[in-house]
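There are 2 protein chains.
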Amino acid sequence: MQTDRATSAPLTPTVVFENLQAFQRTAALKAAIELDVFRAVGQGPGDVASIARHTHASERGIRILCDYLVVIELLQKVDGRYQHTPSSAAFLDPSSPNCLASIAGFLSNPALREPYEHLTDIVRSGRTALPGEGSVEPENPIWVLFAQSMAPMMAPLAGPLGRVVLDGRGGPMKVLDIAAGHGLFGIEVAKQNAQAHVTGLDWAPVLRVAVENARKAGVQDRYEMLPGSAFGVDFGGPYDAVLLTNFLHHFDAETCVALLNKVRASLKPGGCAATLEFVPNEDRVSPPMPAAFSMTMLVTTPAGDAYTFRELADMYTRAGFTNITAHPVPMSPHTIVTGRA
Amino acid sequence: MQTDRATSAPLTPTVVFENLQAFQRTAALKAAIELDVFRAVGQGPGDVASIARHTHASERGIRILCDYLVVIELLQKVDGRYQHTPSSAAFLDPSSPNCLASIAGFLSNPALREPYEHLTDIVRSGRTALPGEGSVEPENPIWVLFAQSMAPMMAPLAGPLGRVVLDGRGGPMKVLDIAAGHGLFGIEVAKQNAQAHVTGLDWAPVLRVAVENARKAGVQDRYEMLPGSAFGVDFGGPYDAVLLTNFLHHFDAETCVALLNKVRASLKPGGCAATLEFVPNEDRVSPPMPAAFSMTMLVTTPAGDAYTFRELADMYTRAGFTNITAHPVPMSPHTIVTGRA
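Here the protein sequences come in this chain order: B and X. Residue numbers for the first sequence follow numbering that gives the first Met the number 0, so the first one is 0 and each next one is one higher. Residue numbers for the second sequence follow numbering that gives the first Met the number 0, so the first one is 0 and each next one is one higher.
Honestly, the hints are just simulated from the structure, not real lab data. Please note that a few of the clues may not be correct.
Chain copies aren't distinguished; within one or between two, either way the pair holds.
Straight line, CA to CA, 25 Å or less: simulated SDA-like cross-link-like pairs of lysine to any residue [said to hold, decoys possible]:
{"id": "1", "residue 1": "Lys76", "residue 2": "Ser124"}
{"id": "2", "residue 1": "Lys76", "residue 2": "Thr13"}
{"id": "3", "residue 1": "Lys76", "residue 2": "Phe16"}
{"id": "4", "residue 1": "Lys261", "residue 2": "Gly43"}
{"id": "5", "residue 1": "Lys76", "residue 2": "Glu310"}
{"id": "6", "residue 1": "Lys215", "residue 2": "Thr321"}
{"id": "7", "residue 1": "Lys76", "residue 2": "Glu281"}
{"id": "8", "residue 1": "Lys190", "residue 2": "Pro96"}
{"id": "9", "residue 1": "Lys76", "residue 2": "Thr337"}
{"id": "10", "residue 1": "Lys76", "residue 2": "Ala302"}
{"id": "11", "residue 1": "Lys267", "residue 2": "Gly158"}
{"id": "12", "residue 1": "Lys215", "residue 2": "Cys98"}
{"id": "13", "residue 1": "Lys76", "residue 2": "Arg126"}
{"id": "14", "residue 1": "Lys76", "residue 2": "Pro286"}
{"id": "15", "residue 1": "Lys215", "residue 2": "Glu113"}
{"id": "16", "residue 1": "Lys76", "residue 2": "Thr307"}
{"id": "17", "residue 1": "Lys76", "residue 2": "Val284"}
{"id": "18", "residue 1": "Lys173", "residue 2": "Ala154"}
{"id": "19", "residue 1": "Lys190", "residue 2": "Gly235"}
{"id": "20", "residue 1": "Lys76", "residue 2": "Phe308"}
{"id": "21", "residue 1": "Lys215", "residue 2": "Asp282"}
{"id": "22", "residue 1": "Lys76", "residue 2": "Asp120"}
Required output: the full structure, derived from the provided sequences and hints.
Structural data, given as structure tokens:
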């Protein structure tokens, strides 16, 4: 909405007011997804009465909710009727192949929002107020929810990651997918190379989601499970490639270096390690989404962070990798970083 | 942050992701206010270590919090040091006379955020899920908190409201301030006209805040209390002016008309009724702050709304007022609407 970047604009307290009430945005988007508002808008005609009928909701509630979604730029209003924006059509209408509304089940889950009630204390102490290791406490059930909910957000990244890792290479190969979660990254490598065998490593309840996805993708006969913690289990190998996606940010640099050392030891000479991360610029305040991700790591982990490329390259180097390269993923806030054993 | 308004920009799910996580903005701003971060930034030099010392907080916590505040445009970062934006200097640094950080105590109060956990059900039913009449249930203690916390947000509006109501008029006059709250509006009229006598009407615990403010302003000998409900008590009078600020939005149009009728009956012929409201444009989706206010009314009241000027003018007309005029308050999202008895 309004900012004071245009220095000629008069100062108003809008930016303060809007940020104090920003929690309403989360609630509104979550409610709209739960009520199937975005499907109703896509089907048209987009008047309050028809959306209310489709969603089995009151006209007062729908009118105010949809007006609010226009204010936060998740819908448009033209001649009194609600229409999709390009973003809501692509990412929020369940009839779109790119719909990722299910991520609301993870990102705005009450259990994941509750820790922010203690943010003042967390900033004081400098670490999560969650018990133990926070979100990376062994067997934390949120990772089953992550695997189930976040797949549509990760799916568009799998193709680019597979191409970076394979780099045109066919033929027999072994791939380890650490913290596999939904499994989509390893599965994509198996789809792109029909002779690749993939081992998914994660806690057992999470791996059940990955195996189900491997079955749906028709690669289950080349998909093996390695249940346990990345820090505890023997990786086996040697591998041609190791995927380490959405994982390093949970830990401090020393822990990352130790893990990368273990990864390198499991790779064939010249094998590829590939991480997928939110990588902010060196200023740590841009681009917005990777930079803001540090806040999630402050609240949910003892010492994690959104690492800059320089920091990640330093970890890789200390773990004995060479040819360390950043591959920004087009149309995505994510960056793939690769190194060679 | 980023939007898809520039249609040439590639589509990314950023707008979905950011709104699902917008609750972090509320938590971050609230924590920064509680930790006194904005005072520390104002005092300089603005490096992580000195802000951490000032706030008795960890360097990891402060670095991540302040970076996040830069992302949401509430601070700037220059050469690794945090600095105020024009807005944060004016409205968030406690050393500024315009600081309104105390409004966080009301706007992001957990008791006021909790109802949004039920927004899906609220949209279905079309009314607050709070018991009884919601936020306007008699003696609801949130109005004491409102009176204590929101005064700095309302103070800049009092001067313009007083000038509109007095319109240059001096001499003896009687003014009724309905739902007086912090009392600042009636008190300002008493300050602008040394012969004005003001009666503040509100629930007794709230009026204690108003009387204390009248004492601080030195007008307590011309300030009377009328404790009770605007719908229940006899207004007395006749008055030269009646103030009805931040009140009509809680009720449906019929209730507003009935109350405005009662107001008109308490006024001298030609006397002025003045409401202060968030008044959205007729499209109900602009400007952002008045338009978004409907959401608060959906969640906290049975039938309230952010009324357009056309709707307010219709209520005034049905209650027998004439000369109905909108006075937008400069540098504020509020509008004063007046009518003559």
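Fill in: Non-conforming hints, listed in increasing numerical order
Per hint list: 4, 6, 9, 15 and 21 violated.
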